[in-house]
Amino acid sequence: MSSVTAEKGNGQVSVKKKSQLADVWKRLCRNKTALLGLVIVILLVLIGILSPIIFDYETQVIKTDYSSTLQPPSAAHPFGTDELGRDILIRTLYATSTSLSIGVVTVVVALAVGLVLGSAAGYFGGKVDMIIMRIMDIFLAIPGTLLAICIVASLGNSITNLVIAQAVSAIPKFARVVRGAVMTVRDSEYVEAARAIGAKDTTIIFHDVLPNSLAPIIVQTTLEVATVILSIAGLSFIGLGIPAPRPEWGAMLSASRSYIRDYSYMCMFPGLAIMITILSLNLLGDGLRDALDPRLR
Amino acid sequence: MSEDVKKDLTAEIKDLVIEFRTDYGVVQALNGLELEIERGKTLGLVGETGAGKTTTGLSLLRLIPNPPGVIVSGSIKLDGKDILSMSEKEMQDIRGKTVAMIFQDPMTSLDPVMTVEQQIAEVIKLHEEGGQAEALKRAREMLELVGIPGSRGGEYPHQFSGGMKQRVVIAMALACNPELLIADEPTTALDVTIQAQVLEMMKGLREKYNTSMLMITHDLGIVAEICDKVSVIYAGRVIEHGTLEDIFKNTRHPYTEGLFNSLPNLEDRQAELKPIKGLMPDPSNLPKGCAFCPRCDYAMEICKTQKPDRTYRNDTHYVECHLYNKDNIQEGKVKSR
Amino acid sequence: MIKFIIKRLVALIPVLLGVTLLVFFILDLAPGDPAKTILGEQARPEDIAALREEMGLNDPFIVRYGRYMFDLVQGDLGTSYKTRDPVGEEVWARLPNTITLALTSTVVAIVLALPLGIIAAIKQNTLFDGISMFISLLGISMPVFWMGLLLILFFSVKLGWFPVAGADQGIRSLVLPSVALGFMHMAAIARTTRSSMLETIRQDYIRTVRAKGLPERDIITDHALRNALIPTTTVIGLQIGQMLGGSVLTESVFAWPGIGRYMIQSIQGRDIPSVMGCIIVFAIGFALINLLVDLIYGFIDPRIKAQYK
Amino acid sequence: MKKRTLRVFATAMVLSLAASLFMGCSSGNNQGSPESTQAAGGSTETAAGGSGGSAASGKDTLIIVTANETPSVTTNMHNAVAGDYLNKMTHNCLFYMDENMAVQPDLVESYENPSDTEWVFKLKQGVKFHNGEEMKAADVKASLELCKESPDVSLYGTSTGTIEVIDDYTVKITTDGPQSGLLIDLCHHGNAIIPADLIESGHDFNKEPIGTGPYKLTAWNKGESLEFEAFSDYFKGEPPIKKVIWKIIPEGSSRTMALEAGEADLIVEVENNDISRLADNSKVTVFNEGSTSHNFMMINNEKAPFDNINFRRAIASAIDKNAIIQVALNGAGTVADSMVPDCFPGTTNEGAPTFDVEKAKAYFAESGLNAADCGFAIICSDDTKLRVGQVIQSCLKENLGIDVTLESMDLATYLDVTATGDYQAALGGYTSNSLLSYAQGVYHSASINASNKTRTNEPEIDALIEKIQATVDQAENEKIVTEFNLKINDLCPQVPLYMRNNVRAYNSGLAGFNLNAGGNTYYDWMSWN
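Chains as they are written, first to last, in the numbering used here: chain P, 1 to 297; chain B, 1001 to 1337; chain V, 2001 to 2309; chain F, 3001 to 3529.
Possibly wrong hints are sitting among the right ones.
[Stated by the list, open to error] In silico lysine-lysine, DSS-like type, Cα no more than 30 Å apart, as pairs: (1) Lys3124(F) / Lys3207(F); (2) Lys1089(B) / Lys1137(B); (3) Lys2123(V) / Lys1089(B); (4) Lys3207(F) / Lys3128(F); (5) Lys3283(F) / Lys2158(V); (6) Lys63(P) / Lys3397(F); (7) Lys3236(F) / Lys3128(F); (8) Lys1326(B) / Lys1307(B); (9) Lys127(P) / Lys2007(V); (10) Lys2305(V) / Lys173(P); (11) Lys2305(V) / Lys127(P); (12) Lys2123(V) / Lys26(P); (13) Lys63(P) / Lys3361(F); (14) Lys2007(V) / Lys173(P); (15) Lys2305(V) / Lys1137(B); (16) Lys63(P) / Lys3303(F); (17) Lys2003(V) / Lys127(P).
Because the hints were derived from the structure by calculation, they are not lab data.
Please work from the sequences and hints to get the whole structure.
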């Protein structure tokens, strides 16, 4: 086998050198499932952006219509209507924007904090590392879902608090990944070189260390968006998530429980929406991992 | 010509073509390889990294990973029997018993979660009579034989140094008295002092058991020390073959010559080191003519378009190069134009 | 080994201290008066005041935390605001249910995942591989509560094979929650098993074993699997940890009377000592699982075992 | 080699072994006592009998499914409806409320009312507690006094004044001024009679709730179920149904399915959308009648625009209450217009605003307010309330042009802000067993900062409430109630929405099912056909 890889390696040498990004892109495109994930994610983002524009929140998304409650799927309502006569298709689509935006915002917040903490811990090491990571350990000692539940329960369920709760449970994960990545590049030659020419610590971290630790961080980010969306759905399902009447998949599923026997279609579409979203993000994340680090394949 | 002479061959490979079919294209690993290993003798297989040496070794065990490796054509015979037509079960009986292999990197060649004596006993139990206890006893004897106290048999590979691990691998390979031992760069990963010890040990063991051996290496020093015959392999094909004397004293192929020239000469340290220019050709895109042509100082027009035929200098020595024909083969190297 | 376990358990103490402080602080941020919540809409101010005094709610944060920790050190998880019973008892009564569910789901997950992952790896790029990896992908993408709803819809509502909720019908009650919770983790474990098997099968030592003439079956069981189990064990450990979080949702879907559901009820009732108790039990469970995983490592991997001495 | 293979799978083996160990442990814990093991067997039996359609003769277990687990079964330690249901099985009070909400003597043989403030109760003789002791006057005194000092229920201990033991079977209560609500308070589980010596010795009633009731608690599997066994020495005779199991199933449709499958015999909280489905089921009987639960939109009368009486009347007239009943209760309720529950003697709907868009507009014009300035937020603390809120939202927008926002809030915060008056409007309700306690709780100025969330502060109203309290004579009392009702309807301090129905669904094989408007069911009256 080693001979095969060696030969493969040789084969690649003759290929013209391309920028790293283009290379990653090429490898990603080669991976059909990852590409499928990417296409679905792009579609979902489009749905997320367009549905608040296309559908009027007041009249189409949350307006109740008692004359058409609990209608099974039909031409007028392809996914049927819910117990308040609202169109499930519109609500499912609209919820995409809620879930995706919260997912992305949360991950951005968690990433920002995690980057700072993780790179500080990884770069400086010693006491800084110990203190930061011990605190992170405390957060990691509580299963993420439970920590988020506690925070939302305490602060009340608003979108802001939801973001805070999810971010708090995600920060330690990012801090860990960043720390690990930073530590591997910290002692590499180009960082030593930067240090030798007298660059400041922050400059080194942000200009030399982090860009070279991107691969695991990007992968973690993609996968974490999926985790957060799943987690928000879970919180909403137990009534600690997005406050009604704003549509959210988990909350829609929770509402469908009472109608599961006679109106089982109600519990299908929001669930499918979650699954497709998570599936595509996972496919993309896996694909990115493989594309960014071909050794892992 | 040589067909007429009846040789006692342990292994014989004829016109072997092996391809690796990957996403990146089809790689021609072996390209009509021919090989003969005489009983009790040692054949050196010399070439650069990526020339197909390990593939050749693995093909004798029929262990080419498939996918992506595919044996396209050719034959591999052990003791005159074609192994390509054998069942998997028959092959399992051959592996470790008739043919054993020592791998390049002792660090990764041992299962990290099994004691070394168990790993040796495993092969003994598979191929010899007797139970677990007897196999373990034999395993410890084998360890002693390669210079490791039998009492350390209960330890795990991570508790051994690199040289000792390679001894374990050798003990494992020799445990069932194989007829053919394939040693794939057995000393490359080791320190120089350890290299000598291991080589010395292998030599001793080979003589003791009269084992045939295929010594895969890129180190001409090892070849000189241990081999009876030498095959020089380039891009999946033997381009020059002969006895030690044929190759060392009557070098014909420009590539073989290049290999010698890239060695430092102790007697004349002023002499210029002449590494072979360039790299191995992309095995997924081999030149139409002679594979060595792009790197050859003597390349002619014909080299670019046509594959060279085999030319014999004597019964034991042949070369594949357009520089030579029946008439000029005895004269030696054609001077550069 | 014992020394190692003790060392790990001692190292757990500061983490748990941190956990209690963190959770106590978070829960203290909660608006609303627990006394009011308990006494309800019709309560009179004097009753609320009396109850607040009785529950010690009027003391400053640090006093309450100190008192809580003082009791905790003595093994007392405090008194539930809602039932006025020791939280320890409440949690203890529900713990077996949660452990049962976690264990059966783990068993479901492992028993399904290992063969699936192994066969998928051996038969890489075949139809079997494709199908099992697709199922696994679905598994990690399906929210456990949706899975639960679908199982209820199909097996309870449509077919009537299993009860829709509760834990009072023995094994019959246990099947659907275990499958729902186990499926998700099965998926993650199967994926890891497959990839670590693939990774292992490509290792040099597997080639060595092949060269010995060992039959493929034995190569898989005696060598590849044992090595592949090392990363798989990590993931199994992580998954059991996540299962604790997932059990909250599963218990909620199936009305399973475990700690997860108790925690949700306690949160809704602002029953802070009970929530604290649940979190502490979860954190301890989480830590013990990690310890167990580390010990199993040692069992599988002699290189790690050496470090335990 | 085999040995090694074994070791490979050892991990899995250890895990499954551990699993079986723990499972063994858990079942041991769950079953706790031998009684409960039998009960579990009994439940399987009933399941078979129930699904067979014909109620099995020999059936002696009643399985009740409920959404909520009681926080406590100790009579003085909770004021939860879920706990009240259970206390009424294990305990008796001096009085009870019959199916028509009339007060009837329970542990009392007879009583006299020598003056407005003096009550002499003759106790029944030979009444046994579950521990075999006889219930005597000292137990009554100790129980009623315990109620006074327990924050959860002390509300029901205010009317009882001074309690004296005259002899073993005679108790005298001297009230603090005339108390018309005394007998009703004595029906509350907070005043249930428990043994004095156990109170004294600090007995854990939550473990072993000893009372005089028809059933004894045999097991409480936390989060799962409570099991009861008939008390053979019950003073009214051993109940026909020997075992009662309360199963906690929080999820509504799961409860319905359990009943349909025969896994349960009685649902306490019937999912609204399942009512019609259950009604169509021949094996199931649905009970669906009015209750005392009065639900309304509370408005903070201290804040503008709710300080304007015509504005209050305007919004009270602008809301389509029938739509709300459809949305919130799937029809299982009746429209409430009166400011108090109209199920008590003397109450009236007269003068209360009704849904009438024209009138609403007229009131609004009269208020002199501008719709644009009248926007407010309604706090909705659960899903049902949110749905109701959405109806109100669209009604006010459509009929009066007022913009209303909905504010989602958890229960604890909602209780907090509404009690302190830091809100504009909120959806809520009040359930009471008597008009007096309703009026005291919702409209008396003494309840401001507590349950008087509209912050009604009218001396005239306070005086009327006090008069109702002090008028012991029934006919006289009713007259004052009517006077009070008219006054409060005119004042319109809140926006009444609906009276929730009490809905139960049960196995048709069950005889003697009973339920009064206050939600009380007496299980010892029931039997299997």
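Structure-based check of each hint:
no., hint, verdict
1, Lys3124(F) / Lys3207(F), "holds, 27 Å"
2, Lys1089(B) / Lys1137(B), "holds, 27 Å"
3, Lys2123(V) / Lys1089(B), "holds, 19 Å"
4, Lys3207(F) / Lys3128(F), "holds, 19 Å"
5, Lys3283(F) / Lys2158(V), "holds, 19 Å"
6, Lys63(P) / Lys3397(F), "holds, 13 Å"
7, Lys3236(F) / Lys3128(F), "holds, 10 Å"
8, Lys1326(B) / Lys1307(B), "holds, 17 Å"
9, Lys127(P) / Lys2007(V), "holds, 21 Å"
10, Lys2305(V) / Lys173(P), "holds, 27 Å"
11, Lys2305(V) / Lys127(P), "holds, 29 Å"
12, Lys2123(V) / Lys26(P), "holds, 27 Å"
13, Lys63(P) / Lys3361(F), "holds, 24 Å"
14, Lys2007(V) / Lys173(P), "holds, 25 Å"
15, Lys2305(V) / Lys1137(B), "holds, 26 Å"
16, Lys63(P) / Lys3303(F), "holds, 29 Å"
17, Lys2003(V) / Lys127(P), "holds, 26 Å"
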